[in-house]
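For reference, the chains in residue letters:
Protein chains: 2
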Amino acid sequence: MEDLEGGVDFLADERKKAKFDVEAMKIFWAGSQHKFQVADRMARLVASDPVFKKDDRVRLERKELFKGTLRKAAHAWKRIVELRLSEEEASQLRFFVDEPAYTDLHWGMFIPAIKGQGTEEQQRKWLPLAYRMQIIGCYAQTELGHGSNVQGLETTATFDSETDEFVINSPTLTSSKWWPGGLGKISTHAVVYARLMIDGKEHGVHGFIVQLRSLDDHLPLPGITVGDIGMKFGSGAYNTMDNGVLQFDHVRIPRDQMLMRVLQVTREGKVVQSDVPRQLIYGTMVYVRQTIVYDASRALSKAVCIATRYSAVRRQFGSQNGGRETQVIDYKTQQNRLFPLLASAYAFRIVGDWLNWLYRDVTERLQANDFSTLPEAHACTAGLKSLTTSFTADAIEECRKLCGGHGYLCSSGLPELFAVYVPACTYEGDNVVLLLQVARILMKTVSQLGSGKQPVGTIAYMGRAENLMQSQCSVKKAEDWLNPATVLEVFEARSLRMSVACAKNLSQFSNPEEGFLELSADLVGASVAHCQLIVVSKFIEKLQQDIPGEGVRPNAIALVDAFNYTDHFLGSVLGRYDGNVYPKLYEEAWKDPLNDSVIPDGFHEYVRPLLKRQVRTSRL
Amino acid sequence: MEDLEGGVDFLADERKKAKFDVEAMKIFWAGSQHKFQVADRMARLVASDPVFKKDDRVRLERKELFKGTLRKAAHAWKRIVELRLSEEEASQLRFFVDEPAYTDLHWGMFIPAIKGQGTEEQQRKWLPLAYRMQIIGCYAQTELGHGSNVQGLETTATFDSETDEFVINSPTLTSSKWWPGGLGKISTHAVVYARLMIDGKEHGVHGFIVQLRSLDDHLPLPGITVGDIGMKFGSGAYNTMDNGVLQFDHVRIPRDQMLMRVLQVTREGKVVQSDVPRQLIYGTMVYVRQTIVYDASRALSKAVCIATRYSAVRRQFGSQNGGRETQVIDYKTQQNRLFPLLASAYAFRIVGDWLNWLYRDVTERLQANDFSTLPEAHACTAGLKSLTTSFTADAIEECRKLCGGHGYLCSSGLPELFAVYVPACTYEGDNVVLLLQVARILMKTVSQLGSGKQPVGTIAYMGRAENLMQSQCSVKKAEDWLNPATVLEVFEARSLRMSVACAKNLSQFSNPEEGFLELSADLVGASVAHCQLIVVSKFIEKLQQDIPGEGVRPNAIALVDAFNYTDHFLGSVLGRYDGNVYPKLYEEAWKDPLNDSVIPDGFHEYVRPLLKRQVRTSRL
Ligand SMILES: Cc1cc2nc3c(=O)[nH]c(=O)nc-3n(C[C@H](O)[C@H](O)[C@H](O)COP(=O)(O)OP(=O)(O)OC[C@H]3O[C@@H](n4cnc5c(N)ncnc54)[C@H](O)[C@@H]3O)c2cc1C
Ligand SMILES: Cc1cc2nc3c(=O)[nH]c(=O)nc-3n(C[C@H](O)[C@H](O)[C@H](O)COP(=O)(O)OP(=O)(O)OC[C@H]3O[C@@H](n4cnc5c(N)ncnc54)[C@H](O)[C@@H]3O)c2cc1C
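So the protein lines, in turn, are chains A and B.
Note that my numbering gives residue 569 to position 569 of the first sequence, counting from 1, and the numbers run on in steps of one.
Note that my numbering gives residue 182 to position 182 of the second sequence, counting from 1, and the numbers run on in steps of one.
Hints may contain errors.
It does not matter which identical chain is meant; a pair holds if it fits inside one copy or across any two.
Said to hold, decoys possible - Here are the computed lysine-lysine pairs in the DSBU-like style, where the Cα-Cα straight-line distance is at most 35 Å:
hint	residue 1	residue 2
1	K591	K504
2	K63	K53
3	K115	K63
4	K504	K477
5	K35	K584
6	K584	K16
7	K444	K538
8	K16	K477
9	K26	K584
10	K78	K542
11	K584	K78
12	K542	K453
13	K78	K19
14	K270	K542
15	K19	K591
16	K17	K53
17	K54	K67
18	K54	K26
19	K17	K78
20	K453	K332
21	K332	K444
22	K54	K591
23	K115	K538
24	K115	K78
25	K26	K332
26	K504	K476
27	K591	K476
28	K54	K584
It is worth saying that the hints were derived from the structure and are not from the lab.
All of these numbers come straight from a predicted model, not from anything done at the bench.
Working from the sequences, and respecting the hints, build out all of it.
Rendered as structure tokens:
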């Protein structure tokens, strides 16, 4: 966006060198003329509004920082209402405010959970309240002891047939909910995941709508203990979010607050499977992960934009005859590090757009009871989420290093961008755990080759196994790599061969699960190769269409004890000598100043008016 | 260190699995029985002293944080004096306080600069003042516009023969000193690097001792503008350090404050080369970089210790028949990611110890006027500094990810460890720039092969070029890799072949400098291979001895403009649309609260008493 305060463009010479139509590319990047205009308008709106100023963020202590976020969230909502913004516009506005806030979880997780898992009746009751922000919700799944393994959650929801209620309880310390954004200080409600218990029998993990705080005085309801879990990576970053801790002491909720779209509990305490397919849940996961891939392209592009411009400005060495020094962007090492990141930002955007299409395609099919493409779509989004977020996290740090010493200053924007981005590698599925899921479908596909079952979607290439196993790389000289078909075939052959090799090694095991564990490192490698192929293939497709131009194991702890460090020196709750991690983590949490008061500063000015409907309802 | 608060050891089962003598390994890690005892005593001393508490660090705003650091530095000094600690003990005590402070630069750069570059007379005058902390100094080399390219520094030191003084001046904004630690708020003196000018003629960049602040009231002296450059990566991290900005408006200093060990300026303004060899400066660089390699092993080992212990505590999935879940350290993927880092922590320690020997060897030779091993030793330390710091930075972040969601909490210690560590990739030589220096000596060595000149030290293997170019890898099955000689030969052959390939490509260029620029990415690859070989060879040696058991170029800016981001959205001074970076960076700096007052909080309580000698002098 043109933004020439003093009127002088120090990169003008650079801009003149362009060989394509920048305006056309803006529209390509945005997705359409319409999307471009909405984004452009919302970005300017945010940029010109003093309330959304963020350059002082890293200098605020936590309470001030958090209060500022509450102020911004309230102001955003006010603008959305005043300007009668559409859902698309509102979402773009929130995106450009560029500060993690409780509203992200309310709109991004709480509402979608009710939409996806609630019955129509439940949706009719809860969604309007949520849309108007009369209640604010969060998504409470992860516990202190369990994140990746959702089936291991310990919170219980026990049916009491006498009162027709569920009793939500946290039986252990490790069952405390831990991490949910918006929970710590703000949410009035939560979708809580708990183990359904009826008459002493377990029925798996399900979602329950639980009210946490009074709508009168915002105090936690009886039986509920709730707070913020403390400082996270970086000095502004994700510390604007009240990630929380939550414990239940036999809290009662009406039966109809279990989300019963898929599984119902009757008045008599019978468990009834509805005719809605369970697979719908996977549809939601495809949606959420698709947005994460899209976000990867945004974070990466931001970092690359900063590093590229600065590399053109920065000069170091190479002055000849008293002339100016060389722009660091002209060093081949700088280019070699930076340009692949730039290309990847575009590639991830293209992949994100394609995943959006895939999500819509899967949804349509699900509605028509066609589940055939779901496993592949699910694996594909899981894998791409993992690949793009890991790559982007590393790339942001590389961009920071590309800026030399100055990249280490917060004013460069890069430290905060890194700190706020990295959790994407962990939430919505730990990246390694996700790759292991991808490996399962790859191994299944390979095992079925020759059975007549044709692989679909992004795994279709495996149907050409015979060819790909034998194909010889046609590259003779460097330029041959410029042929996209060659590149594609090489990536396909590589991916297939890695999968086939794993499958062969797996078949040596009498117990396949044991084999899977033993070979997991190689399996992760095969998954990565498969996901890289997807990115390369979607990128190539688009370019052609649209764009111009172990031994250690028993000794491990001893080996680190030998370093002889004190707990003080380590300064880490997770690295304590005694391994007594959880209670200490819990203790630590309460030390955060946000826990000094039950009602956080700013609540009365910025949150309460929303809850009290003192701001008029929007078009949403 | 055993530290069982509640008396229960949750890792006891793990500890029982050890197959070697942990006590013996502690001594190996420390370097000797004596070093072990000193480190152990100092670590306990710090850990048990409430003043050195650091777990609240991330929750403090900058001024409180900084004041805390001043308090700790003063307390450390008090303990050093009271306990009459030796230099070795004092340095260990400061190390365990584990908080960047102005004292690091005073002891680590200011004093060594005077020792290395000052005449005996200068040393006699300044060192006692510095040793007693009657003056506090910093090292002011880097400027806003120049870091890597020291020869490009713009600050001038012009000789005025009338008054027998040098006039220190900052002619441009980009000539402002920028980054020196301890400069912002505390230092009374600095070694300032400036371009020596006599009678309009330039004589290169030299060091000058300049007083910055009054020893009476700590106010900056006339002509001096000085302040802190603002927040850096992380919320505690390096923000305890007052990295500063400094401008001179024709500040006069006596002629004898130029550091004249190597080059002297006479009363008449004549420039005289002393009989002390210039190469001594490289000796100092070998020293400083050797300590950085050693520090890499410390940072890495800290991260690995945290991740390893937590991986043994953390359980996720794999519960069978209602039993406990699998410890995540038992997953092959976790091991595959973690264990090589653990091995590297040891390897870097071994390399650090060896570099310490190398430094002592080089120093002895220099004193005997033997410069033969210096180029190789210099390249070797530069390369190893680059390799070990880049590896460690990435490894700390990998350790954080290995801890799942909880690694993102500051209470895990890993975010701060990362944020405080990463600048090691940039200071004391940008890692890529250093690798390019290594490449020069590799190319020179290859070009001289067959000339009869035998390569020495870590490059000696290149003397076996003929063998290594033809050798065939003897590995037939996986276990063959367990033979250290095989591993070593493979690393040697790889490194040599990469260097030879680069040299061959270089010889195609009529202008060698052009060729070097063009091929720089490959040259960096060859340097990395060479440095990896050094690490592998030193590790193997020790294990056997001692241990028990263009296309894009013109379009680059346009491609990122196409993202259509506002400066507000980017939130980055370095990424501004107008490229007008420097003044804005400068402006930003003054916004830090530390710049609110000329005298920082805590100065009167914790710094002034030192300066005023209200604490008794030590044995140092
Ligand atoms: C910023 C942030 C925001 C969050 N927001 C929310 C929220 O709003 N609501 C919510 O409910 N949760 C939230 N979370 C929690 C998040 O979803 C979990 O942290 C995540 O699912 C990872 O689980 P974990 O922390 O238990 O990691 P773990 O599973 O403990 O991972 C530790 C290590 O074990 C490895 N590992 C685990 N299982 C296996 C296996 N089977 N095979 C091989 N290796 C394995 C992992 O790869 C990792 O290296 C948030 C987390 C963060 C960091
Ligand atoms: C925490 C911290 C503490 C510091 N403390 C001090 C201190 O006490 N005193 C002091 O004087 N300084 C200090 N510095 C400054 C530090 O020494 C410089 O930042 C460092 O030398 C890197 O220089 P630069 O910032 O100019 O990077 P630049 O050289 O601008 O690097 C920018 C990019 O250009 C590339 N590049 C530069 N030259 C070349 C080339 N010839 N070929 C290929 N690529 C190239 C680099 O690889 C990098 O990617 C400190 C810095 C930090 C971050």
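Against the structure, the hints:
no.: 1; hint: K591 with K504; in the structure: neither (53 Å within a copy, 62 Å between copies)
no.: 2; hint: K63 with K53; in the structure: both (17 Å within a copy, 22 Å between copies)
no.: 3; hint: K115 with K63; in the structure: within (33 Å within a copy, 47 Å between copies)
no.: 4; hint: K504 with K477; in the structure: both (33 Å within a copy, 17 Å between copies)
no.: 5; hint: K35 with K584; in the structure: between (48 Å within a copy, 32 Å between copies)
no.: 6; hint: K584 with K16; in the structure: between (58 Å within a copy, 24 Å between copies)
no.: 7; hint: K444 with K538; in the structure: within (24 Å within a copy, 45 Å between copies)
no.: 8; hint: K16 with K477; in the structure: within (33 Å within a copy, 58 Å between copies)
no.: 9; hint: K26 with K584; in the structure: between (50 Å within a copy, 27 Å between copies)
no.: 10; hint: K78 with K542; in the structure: neither (40 Å within a copy, 67 Å between copies)
no.: 11; hint: K584 with K78; in the structure: between (41 Å within a copy, 32 Å between copies)
no.: 12; hint: K542 with K453; in the structure: within (29 Å within a copy, 56 Å between copies)
no.: 13; hint: K78 with K19; in the structure: neither (43 Å within a copy, 65 Å between copies)
no.: 14; hint: K270 with K542; in the structure: neither (52 Å within a copy, 68 Å between copies)
no.: 15; hint: K19 with K591; in the structure: neither (56 Å within a copy, 40 Å between copies)
no.: 16; hint: K17 with K53; in the structure: within (33 Å within a copy, 56 Å between copies)
no.: 17; hint: K54 with K67; in the structure: both (13 Å within a copy, 26 Å between copies)
no.: 18; hint: K54 with K26; in the structure: within (25 Å within a copy, 48 Å between copies)
no.: 19; hint: K17 with K78; in the structure: neither (43 Å within a copy, 61 Å between copies)
no.: 20; hint: K453 with K332; in the structure: between (48 Å within a copy, 32 Å between copies)
no.: 21; hint: K332 with K444; in the structure: between (44 Å within a copy, 21 Å between copies)
no.: 22; hint: K54 with K591; in the structure: both (26 Å within a copy, 13 Å between copies)
no.: 23; hint: K115 with K538; in the structure: within (31 Å within a copy, 61 Å between copies)
no.: 24; hint: K115 with K78; in the structure: within (25 Å within a copy, 64 Å between copies)
no.: 25; hint: K26 with K332; in the structure: within (27 Å within a copy, 45 Å between copies)
no.: 26; hint: K504 with K476; in the structure: both (31 Å within a copy, 20 Å between copies)
no.: 27; hint: K591 with K476; in the structure: neither (64 Å within a copy, 58 Å between copies)
no.: 28; hint: K54 with K584; in the structure: both (34 Å within a copy, 16 Å between copies)
When held up to the earlier numbered hints, the structure conflicts with 1, 10, 13, 14, 15, 19, 27 and fits the remainder.
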